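**Student:** Residue-level listing of the chains:
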Amino acid sequence: MTDAWIKPQITRRNVVLYLLAALGFVLVVIRFAGGIGRVSNLNDGYPWGFWIGLDILAGIALAAGGFIVAGMVHLFGARKYHVLARPAILTAFLGYLLFIIGLAIDLGRPWMIWQALFHWNHSSPMFEVSWCVTMYTTVLLMEFLPVVFERFGWKHLHDMWHNLVPWVIIGMLTLFTLAMSGSVGWTVVVFAILLAWEVSMRTGLMQRDAQMPTLLVMAGIIFSTLHQSSLGSLLLIIPHKLHPLWFTQAIPIFFLLSAVMIGVGMVIFENIISARVHDRKPDTHLLAGFARALPYLLGLYLLLKVGDIFRTGAAEYLFMFNSVAIGMWLELVVGVLIPLVLFMTPETRESERWLLWGSIFVVAGGIINRLNTVITGVVVANWAPYHPSWMEVAISLGVLSGGILVLDFIVRNFSVFEDRHALAR
Amino acid sequence: MKAMLIDTTRCVGCRGCQVACKQWNGLPAEETVFFGGPGYQNPRDLSGKTWTLITYNEAQVGDHYDWVYGKLQCMHCQEPACAASCPTSAMEKLPEGPVVYHPNQCLGCRYCMLACPFQVIRFDWFSANPYVSKCTMCADRVLSGQEPACVKACPTDALVFGDREVLIAEAHHRIEDNPRKYVHHVFGEHEVGGTCVLHLSTVPFELLGYRSDLPEKSLRRWTEPAMKPIPYIVVALSLALGGVAWIVNRRDKRLVEKWTKQVKEMQ
Amino acid sequence: MTNHFIDMVNADVVMIMGSNTAENHPIATKWITRTKERGALILNVDPRFTRTSTFADVYCKIRSGTDIAFVNGMINYALQNDFIQREYVVNYTNAPCIIREDFAYTDGLFSGYDPAKRSYDKTTWAYELDGAGLPRRDETLQHPRCVYQLMKTFFARYDPDTVCRITGSPKDDYEKICRHYTSTWAPDRVGTWLYAMGTTQHTHGTQNIRSYSVLQTLLGNVGLAGGGINALRGESNVQGSTDMGLLFHILTGYLGSPTVPDQTLADYLERLVPKTKDPKSANWWGNYPKYITSLTKAWWGQYGTPENGFGFDYLPKAAGNCSHIALFEAMYDGKIKGLMLFGQNPAVGGPNSNKERAALDKLEWMVAVDLFETDTSVFWKRPGVNPADIKTEVFLLPACSSVEKEGSISSSGRWVQWRYAASHPIGESRSDLWILDALAKSLKKAYAAGGAFPDPIVKLNWDYGSGPEVDLHTEPDAHRVAREINGYFLADKVVNEKSFKKGDQVPSFAFLQDDGSTACGCWIYCGSYAGPEKKDNKMARRDKTDAPNKIGLFPNWAWCWPVNRRIIYNRASCDPSGRPWDPKRWVVRWNAETKKWEGDVPDGPWPPEEKHPFIMRPDGYAALFAPALAEGPFPEHYEPLESPLRNFMSSQQINPAIKLWHKDKPDMNPVGDASEFPIVGTTYRVSEHWQAGAMTRNVPWLCELVPDVFVEVGPALAKIKGIKNGDRVIVKSARGRMEAYALVTNRFQRFHCGDQIVHQIGIVWHFGYAGLATGDSANLLTAHIGDANTMIPEYKAFLCDIERKEVVPA
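Residue numbers (the working numbering), protein chains in the order written: chain A, 1 to 425; chain B, 1 to 267; chain C, 1 to 810.
Some hints here could point you the wrong way.
[As the list claims (entries may be wrong)] One side only, chain A facing chain B, incomplete, derived with CB under 7 Å:
| id | residue |
| --- | --- |
| 1 | 14 |
| 2 | 18 |
| 3 | 108 |
| 4 | 121 |
| 5 | 130 |
| 6 | 197 |
| 7 | 205 |
| 8 | 206 |
| 9 | 218 |
| 10 | 222 |
| 11 | 237 |
[What the hints assert, rightly or not] With a straight-line cut-off of 30 Å between C-alpha atoms, the simulated DSBU-like cross-links for lysine-lysine are:
| id | chain 1 | residue 1 | chain 2 | residue 2 |
| --- | --- | --- | --- | --- |
| 12 | C | 538 | B | 181 |
| 13 | C | 584 | B | 181 |
| 14 | B | 93 | A | 80 |
| 15 | A | 80 | B | 258 |
| 16 | A | 155 | B | 253 |
| 17 | B | 253 | A | 80 |
| 18 | B | 152 | C | 544 |
| 19 | B | 181 | C | 30 |
| 20 | B | 152 | C | 176 |
| 21 | C | 501 | B | 93 |
| 22 | C | 550 | B | 181 |
| 23 | C | 538 | B | 152 |
Calculated from the structure, these hints are not laboratory results.
Keep in mind the model is a prediction, meaning the values are calculated, not measured.
Cβ atoms here follow ideal geometry from the backbone N, Cα and C, with glycine treated the same way.
Take these sequences, add in the hints, and give me the full structure.
**Tutor:** Printed below as a string of structure tokens:
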């Protein structure tokens, strides 16, 4: 079955997005023609700034919904949330594509990215992040492919996909383990475990999910767990620059935990907004159920974070009046305390409006946190502080706008929100 | 492992090292105007064209004015954070001492710059094909048994080159011989796990633009605990998630069977 | 230098005065920092806290142009406290000699002054002689007219308060310097004295050095390892150029230039050969006839006959002063038609550049031989002139650099080191030797056709292996030049019981003859190339083994004039019996068994008691009282030509013996006074640039380090003038104005001279309008005025004013 294509149109509602995307494109051309210095305030003292904070650290966290929902629905058996799965996976996939574009803009020599495949540096969190992100984007692509097959009615391709994906995943995870550990032992162990699961499923010893190959979902969770946390590990090498309020040996755990919070928040936010845009009624009850996890996550995060601040002896910095303390209070109040109150209260949790606001707070707090860890919290001795230039911000907004336009196009043309199980069944 | 000892008390600020560096490494001159810092300093900072820089620092030592020189350059850490952080191993620590850069492997991610505790790596911000750059300790010279160009050019032996242990012993000797002259610290002996560039000074190192609050442990010791467990996590998650899938799917199958039975019974 | 660079490690106290060693002789600082680590004290006296001051133990500021007051005060301190090495002074100096009764000093003038001629009749500046014609001596130093007693009286006027009032030095620092430096009077303590152009470039530059030598001699520091008077020459081979007679008043080996009265060799020798009746005086200059004869024989060979004074008659006889300033004044007056410049850039480096540039405009032709276009070679298109108005025909001959040619280079420490060409000259550039050789051959050819007195040119002995024709690709042989400089026999001859064949190289100057049988290009270099083969080139020696006394002489590294003697006057390092004053660092010592000196090459082979150690002096004594200089036998303080203060010592404001160009040639020679120009200006160099900048201002790496001309201004003056660091400022003197960046720095502090406050500023002088890095030349401000003895210009002290340049809003 093939519906007529709904072509992208410039309307009063999306004209700003088009303008931002166009401006961003122009600035990106300038950046590639004349160097990063032409469009950004990044400098030798502050080589990382707004782009890394927003496009990469925050962007990846925002896309965490993909592995959370896919895992819940296809692995942990929370099947009632299956309507959330496809949008979450699509958002995550697009999010990662945007991240890759953002990274390509931030990298000085993005065309050399393949070098990471050949020069393995097991001690570099960046090495791990680049592998995980590449792998996980592939996983997301594979998770989204059924939607494409449905759109074009390619049933035999869909069947082939079902059959082949587990082997691809076994290959990917095995290669990944070898790259990360450099150890044949570990590689064999991982290969054996995955093979065992797949063989058990194929022999009927073990049941499998009807729609999504189990190994694919597993791989999504494994890669996400690893790189969501290791985005935090990136900062472990700067104990001399990152402010003690953020610097802790536990930073990978905080990144992982907050990514889950932000991912959940983002799924809620996106569902409500998307429904509003497409004049649908969001399933508030379903979302409220989904949001029940948030108070636990937020509470745990708050407990751990405050506990860690006292453990590392950084508490005194909380009570100074400076940008660092303000930054920390902002991310805690906006991203944790306010949504904690909102999501703990059943009345507000069941209200579409408060659900939206609560999710906005979680997401905003998450973004503030990620920007803090690379901008506010980074203090380089003997160097003038860094502030992003308007062009840096404009490029990020342009990329984001482009992403939203693509998302809109896909949502209009593919069965993302109306889950058509008929084909699969 | 080879190292360089910089005794700032012997330095007379002639900047022969700065020019020798450019000459040996084929680095172009920078366009400067007047002076880029206190005293005669020029250029203002290290850059892709300037890998070492003499700084001129005014200080009040006791009751008299003094003018002391510092030398900025890569410190060639024993366990360099740049090499630990580079995703493509473009930064490499050679067993002979130098930390070298392989430009063809570089992505331009600048993680090395963020990681560097001494703030010496520079990026070509205005190039469409940018690289990072820093002092290489003239690795080409060192590997062929010569001393780096700056050391060779130094007229006063303020720079000396040799085995790290020998130079550390020499540095301590000098402090012992002249305890009133020197700050009792060999900068680089222990900083971030020790460096292959060692400094002696008459004035506190902060005055020369160096940080005195750096940890003694090498920076990669912080990332290692996060990197080491990766294979464990992959294995643990593979086992655990597979187990969950097994249980959940079995529960689902039983549920479906139960429902089917119930439906049949109802029929 | 009496000593040499490595010898600085032997010093206990190093005095650096009038030299920014770190900046201009960075290699020398290696030895100074090394001796400092050994425990030596480094003292530095300078108007400005310099890169040298940073490693000094004591720094004392001094107003420019007041060295004599400062050092005379130190001499007074030594005399009053009896911090002198009495045995050395009594035996080796003229301190015990009694001076004529009619010698006198009154109010800044010594006896015999003629104000009309601005010069002295020196008859009264002489010893009282005994019946045998020897100076009368009082070894108890008690005679009221002995030099020692005269000094005590003379220098007593330089008490610390007076000195500090003149110099503006803080009294504490000044006394510290006196105390530390005079501690070297002890026989086992040695002080070395380093100086450079900060000392010499004054109207009393020679007397500045005199004051240093008087103090060094009183302290017994001359001739010893780690001692001496050490001039750090301003260029790497300027020692070689003076050795080779490039100054107007000397030929090679410091033989005097013939002047108009020296019509014959006999007249010349009568004027210049010193005489003594003391059998204990070696009076080495008594050998003068041998050296001048061998020189003219080297130049004219067979054409130098007894009839023409062995070629002496061919030498030009100078009429009057031919120093730099005098030449440019003559050029300005249109008396000089043509100019050849070898690596010289007077448009930047000459004093009163405005006048010197104007003088160039009046030339008919000019040839510049240089590596780059210099400011002088493009003077005809300098800012502010119309090239069409300048008729001078200018030629620029491309010269190759020092690493592109073979030859010798003489360091300040008198070491002559052979260098090899590292690469071929670029393009059509050629060595100076090639250019001179081509010029000489062309001149010979031109004069062969006739001309005014062609003989000296046509008969010139000229064969350096490049053939008779000028050929671009045939480089003359530097070894032939070196062998001629060393000298050779022109006939078979037996000298000192050794027989030589015609053509043999002369082994040392002791073998040179005055009968025309030897030729020698420069007698002090005799022995440097003692055989016919390249292996006989001692300048090329690279043996790093030290002499047995282990004081860093390294006698087999290169070669050192004279006769490889590394420390001159070294017989003075021993007591009269030949035992070293300080056995720990002996230079030479007398071995009573072998009857020979050991260690360095001694100043003559005679046993210790037989000759006085200062063999170049006619009387054999170091001259505390020296009648040779123009201003007087003792150094006396006079203010620079332009000074903000009156002379506190006497009513003679300035050096009474200097030639006053502003009186003789008032055009473009104005002199400023303190009411209009209240600030003292001085000029200096930085490590990063070289002299007038032709070589360094064309090297981008060096332009990067010091891109612009700048003026260093103290914080007090900056505050008064409203100048901030990095401002553009205008500096003006009576002669010109220049623009520069202001570097406001604590390194320049104002001077408290009595109740007056004197501000001083300093300007780097490397800049000009040609090259990559350009800027105004500091010499637009300096004056045509020179030292009374050497005519070196007074670059180091003049009056000026400074103001912030108002930036006109665009």
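**Student:** Confirm or reject each hint.
**Tutor:** Okay, the hints, checked on the actual structure:
| no. | hint | result |
| --- | --- | --- |
| 1 | 14 | violated, 32 Å |
| 2 | 18 | violated, 27 Å |
| 3 | 108 | holds, 2 Å |
| 4 | 121 | holds, 5 Å |
| 5 | 130 | holds, 5 Å |
| 6 | 197 | holds, 4 Å |
| 7 | 205 | violated, 9 Å |
| 8 | 206 | holds, 5 Å |
| 9 | 218 | holds, 4 Å |
| 10 | 222 | holds, 5 Å |
| 11 | 237 | holds, 4 Å |
| 12 | 538(C) <-> 181(B) | violated, 43 Å |
| 13 | 584(C) <-> 181(B) | holds, 27 Å |
| 14 | 93(B) <-> 80(A) | violated, 54 Å |
| 15 | 80(A) <-> 258(B) | holds, 19 Å |
| 16 | 155(A) <-> 253(B) | holds, 25 Å |
| 17 | 253(B) <-> 80(A) | holds, 16 Å |
| 18 | 152(B) <-> 544(C) | holds, 19 Å |
| 19 | 181(B) <-> 30(C) | holds, 18 Å |
| 20 | 152(B) <-> 176(C) | violated, 37 Å |
| 21 | 501(C) <-> 93(B) | violated, 67 Å |
| 22 | 550(C) <-> 181(B) | holds, 28 Å |
| 23 | 538(C) <-> 152(B) | holds, 27 Å |
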